[in-house]
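Asker: Residue numbers (the numbering used here), protein chains in the order written: chain S, 34 to 484; chain D, 34 to 484.
The hints are all genuine.
One copy or two, either will do: identical chains are not told apart, so a pair holds if it fits within one copy or between any two.
Within a straight-line C-alpha distance of at most 25 Å, the following computed DMTMM-like cross-link-like pairs (lysine to aspartate or glutamate) qualify:
#  : residue 1 : residue 2
1  : Lys65     : Glu476
2  : Lys72     : Glu43
3  : Lys65     : Glu49
4  : Lys439    : Asp106
5  : Lys427    : Asp335
6  : Lys65     : Glu53
7  : Lys332    : Asp483
8  : Lys276    : Asp39
9  : Lys248    : Glu285
10 : Lys439    : Glu476
11 : Lys164    : Glu95
12 : Lys164    : Glu78
13 : Lys65     : Glu38
14 : Lys439    : Glu385
15 : Lys65     : Glu43
Keep in mind the hints are simulated off the structure, nothing from the lab.
Number of protein chains: 2
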Amino acid sequence: MAGLEDPGWEAAAGEEFLREALQVLLEEAVRKGTDVTEKVCEWREPLELRELLDLELRSGGEPPERLLQRCRDVVRFSVKTGHPRFFNQLFSGLDPHALAGRLLTEALNTSQYTFEVAPVFVLMEGVVLAKLRELVGWSSGDGIFAPGGSMCNMYAMNVARFQRFPECRSLGMMALPRLALFTSCDSHYSIQKGAAFLGIGTDNVRLVATDERGKMIPEELEKEIQKAKAEAAWGGSALLSSKHRHLLAGIERAHSVTWNPHKMLTVGLQCSAFLLRDTSGLLQRCHGSGATYLFQRDKFYDMSYDTGDKTPQCGRRVDCLKLWLLWKAIGTQGLAQRVERAFACTRYLAEEVKRRDGFELVMEPEFINLCFWFVPPSLRGRESCPDYWPSLGKVAPAIKERMMRKGSMMVGYQPHGTRVNFFRQIVTSPAVTRADLDFFLDEIERLGWDL
Amino acid sequence: MAGLEDPGWEAAAGEEFLREALQVLLEEAVRKGTDVTEKVCEWREPLELRELLDLELRSGGEPPERLLQRCRDVVRFSVKTGHPRFFNQLFSGLDPHALAGRLLTEALNTSQYTFEVAPVFVLMEGVVLAKLRELVGWSSGDGIFAPGGSMCNMYAMNVARFQRFPECRSLGMMALPRLALFTSCDSHYSIQKGAAFLGIGTDNVRLVATDERGKMIPEELEKEIQKAKAEAAWGGSALLSSKHRHLLAGIERAHSVTWNPHKMLTVGLQCSAFLLRDTSGLLQRCHGSGATYLFQRDKFYDMSYDTGDKTPQCGRRVDCLKLWLLWKAIGTQGLAQRVERAFACTRYLAEEVKRRDGFELVMEPEFINLCFWFVPPSLRGRESCPDYWPSLGKVAPAIKERMMRKGSMMVGYQPHGTRVNFFRQIVTSPAVTRADLDFFLDEIERLGWDL
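Please put together the full structure from these sequences, using the hints given.
Answerer: Here's what the structure looks like:
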């Protein structure tokens, strides 16, 4: 048959392209992307950006030089989340060890469903999950990496439902009494999403009142039921620090924990572990289906190494290598130091916010979440005016727009309950220094001075 | 505050480590990993491998040389899914353009929920999804990349339920009449998993009889209901070939389609698109929750670019760049040629299987799925003996074990219904030549001759 004599691509040319693309990666995305003297983002309006990028997909291909220019453009107009002044969401920083693990994961391109196609990663995932469980305080248990914390929370809700009503799996919710799900009124929105997705219904999510710090009030919960099971995902990494793990005291009493190392540990999206205390094989019974083309019963090795049936997914990315390699590189000690450094950054900023005129804490930070308002001179001293709070609510969005257009830094803002828009600052990257934190507050002042 | 003056890591040392790790990636994972003279896998028993890798995570960190050796070990004992003789599952091949896109994605580390943190990728995802929809035959519609085809199928089931019973979202399945879900009895196991996960119940999945080729018999379905909605994910790429797209004739009449470019198009795990014909915003209404810390209503740009609320996930990986870059590199034409080459490989192998003694097709391939038995000399001519089929069923697992221990190639096997274990060969990688296909059949003969 004609055409099959030779490969369908030019291996040497492909390798050359890859080498050059890696230069773009190293120079533009890594070096410039983390250089504090470069912009955090290069803002363009959506329509303008669409024009600039020429995104359309056509019938013919393009030469390598054109493709490399495209790679440079993709980097140029992307947000530099590894930049020391990217404070926008819960992830930031570009750890070289974690990044090496992520790049190797891509090059090895496998699916974590069976030992035969992912021998190293099946064993590695087991070790990493066991280590995370150990930090939670469990000497045994189960678990799986999942595509994000929201999915972990859905797994937790599904496993809880299955444990109490195993017949739900075959008969569906129709065969069950009406279920209620109790969670904190400040819990993550994935609980509501999960209730809808799992067929429980968002009306059956009972929100338990919280105190002013967002903690569930136990008496409020007792009034309603015995137990709520969901955990907040991004705080898990505090368990690594002997100084701060008391914040999660009692976590070992939970039945399951969702933990996102992709946030505080800067390992990169995605890295989300769903941990279970159960040792009876609940996870496999709940999610398993035993597809014969993957999980043959007549394999020549112990099938218990095929972990792919513990998840509602089929093919599943390898999410453990990046965390494992980082852990090997800096040890539990090094991870703990990062957690402590993040707390120290937050502490420093909180004191600065209290010291500076026109900055006001929403509340004292207990974790690494710093929420504050910037009050421009025009609003200072007018707290009792009826338009004070509505006007203050417009300040953060206006400052955010200015910083994005300038590209100097990025930080998130949000309203919460009756509180108008405030900034929410989260430092996780070890690249951030005191100079960056000072710049952060100075820049807000500069951008918001005339509002 | 002491300690915050300097960054928490050594940027220069980190960059040097990253450069060296990229050399390991290029030499070991890419060059050797795709070299036909190297092994496909280096089999070790699980316990031995665990010892060899020293996976334990300790308190202290390790020096760069040790970490680089670990990277080499990870590659060495991982399966080379980009090797021309890896035929094991539905993905294979290591395309340099797609790989470049994947590595850049990792270095840019962002979450595809809002335009502000993923401007390039939000626009790019829109263009890629529109192109995929165009190939399905829709001039408009909606869609989202999801963590795998199983998840896409769950989204499809959830959206279908929501469209018919929007109250399910708030009231749950308890408020609905008993639902039934119709699917082919040969459909992917994610349908069953999804029915359990979504609270529908696996007993309510009605399996519609299929013909001997695994196609649903329309009369059988008519007998039961009007419509089944799920699509098989990995065949979608045949739409790219004008020669073969007739295999999916009528797909444009579906309400939704799941398409896994990570299979036939060798873009790498994961790349799964969930496509919808709907233009009314169904996906957003079904999955959205409007978290105020991400989807603020007072943004300075058009919020419709924030696509993150169309999915049950919160943080979501960027899965479009690798496909987009490959598409730019070789064009729709080049993708079509790959699809046609995969068909040609299958056709060639099918003819060889028919020509060679001791090989027997399970059925004529219609797609790129080649199912066949190898009958060792000891069993030939004994078809009428009562132990023929049970004995034949042991042949594929035995050959598989031998090839894994030798590391010469990998291919999957499975039973199906009353058919005993057969090999299931799928060629997607353009790296595969006729010599590899000849080797494949020769090697099965060599490994199974004495069974």
